[in-house]
Amino acid sequence: MIIDREKVKNVFADYVADYDITDTKVRLKVEHTYRVADLCDMIAKSLKLSREDVDLAWLLGMFHDVGRFEQLRRFNTFEDSISVNHAALSADILFIDGHVRDYIDDASEDKLMEKAIRLHNVYELPPALTDRERMYSQILRDADKVDILKVNCEFPMDEIYNMPMEAFYTDDISPKVLEDSLAHLNVNRCHTVTSIDHLVGHISLVYGLVYPASVAEALNQGFIEQMLSFESKNPKTREAMQKIRDCVHKYMDERIGE
Numbered sequence: 001m002i003i004d005r006e007k008v009k010n011v012f013a014d015y016v017a018d019y020d021i022t023d024t025k026v027r028l029k030v031e032h033t034y035r036v037a038d039l040c041d042m043i044a045k046s047l048k049l050s051r052e053d054v055d056l057a058w059l060l061g062m063f064h065d066v067g068r069f070e071q072l073r074r075f076n077t078f079e080d081s082i083s084v085n086h087a088a089l090s091a092d093i094l095f096i097d098g099h100v101r102d103y104i105d106d107a108s109e110d111k112l113m114e115k116a117i118r119l120h121n122v123y124e125l126p127p128a129l130t131d132r133e134r135m136y137s138q139i140l141r142d143a144d145k146v147d148i149l150k151v152n153c154e155f156p157m158d159e160i161y162n163m164p165m166e167a168f169y170t171d172d173i174s175p176k177v178l179e180d181s182l183a184h185l186n187v188n189r190c191h192t193v194t195s196i197d198h199l200v201g202h203i204s205l206v207y208g209l210v211y212p213a214s215v216a217e218a219l220n221q222g223f224i225e226q227m228l229s230f231e232s233k234n235p236k237t238r239e240a241m242q243k244i245r246d247c248v249h250k251y252m253d254e255r256i257g258e
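Using full-length UniProt numbering, you'd call the opening residue of the sequence shown number 1 and step up by one each time.
Since the hints were made in silico from the structure, they are not lab data.
Treat the hints with caution; some may be incorrect.
[As the list claims (entries may be wrong)] Subject to a maximum C-alpha distance of 30 Å in a straight line, what follows is the list of computed DSS-like cross-link-like pairs (lysine-lysine): (1) 48 <-> 150; (2) 115 <-> 25; (3) 176 <-> 236; (4) 243 <-> 176; (5) 25 <-> 7; (6) 150 <-> 243.
[Said to hold, decoys possible] Have a look at the derived ranges for each label pair, beta carbon to beta carbon: (7) 88 <-> 130: 16 to 26 Å; (8) 233 <-> 105: 53 to 63 Å; (9) 132 <-> 34: 21 to 31 Å.
The model shown is predicted, which means the values in this text are computed figures rather than measured ones.
Glycine included, C-beta positions come from ideal geometry on N, C-alpha and C.
With the hints as constraints, model all of the structure from the sequences given.
Printed below as a string of structure tokens:
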């Protein structure tokens, strides 16, 4: 499948122009989209895929969050639990409403792309995937996780989560969230209750990274360390964060040494 990257970027720019680009949340997702696409490109190249396969990985990055803008317009939040599943909405816009054809004419990879986009935010990939479907899903999920680390450091947390900043400094970490993190697991969103749980959940994304290039990029960016250095005013949370820091550092050292 031949992909014209410039055409894809132009169509995407036209699409997001219908939304308020001066809104911090809209700008966040526009910039996130381009970075995830570039990270997909980098990870795919690290796997020595063909040029066409690298382009397909890049395209998944461009497509994965198209539903975020409509989610924000309808619900004024990025919280799926109180609005809509943004991955499903992205796939619906592209493959049910047919907007994928605005970007590319070739439909040969539609089934794979739709599956990867619908699955990019699930807690765990289902077993019934082909090797190729699993690889592309993992590339996209890795790229998304790596960039979410950056987003959490470069945009105010209160604006991302619609929660008062003071709550991040005073809340407890929920027991199940701490348990997930210390067990080297991605935090289950069902366990997230307090504001600081969101930060721990995003730190713990490192445990779900599949490819060595993804782990190396996450470490080199420095955003994990920046989030780990968050200083709570809550003594109980400070103690828990120290445990999380020690756990993440040990895990990253082991992964880099592989």
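Status of the hints after comparison with the structure:
{"no.": "1", "hint": "48 <-> 150", "in the structure": "holds, 26 Å"}
{"no.": "2", "hint": "115 <-> 25", "in the structure": "holds, 26 Å"}
{"no.": "3", "hint": "176 <-> 236", "in the structure": "holds, 15 Å"}
{"no.": "4", "hint": "243 <-> 176", "in the structure": "holds, 14 Å"}
{"no.": "5", "hint": "25 <-> 7", "in the structure": "holds, 25 Å"}
{"no.": "6", "hint": "150 <-> 243", "in the structure": "holds, 22 Å"}
{"no.": "7", "hint": "88 <-> 130: 16 to 26 Å", "in the structure": "holds, 21 Å"}
{"no.": "8", "hint": "233 <-> 105: 53 to 63 Å", "in the structure": "holds, 56 Å"}
{"no.": "9", "hint": "132 <-> 34: 21 to 31 Å", "in the structure": "holds, 25 Å"}
Figure legend: structure checked against the earlier numbered hints; every hint is met.
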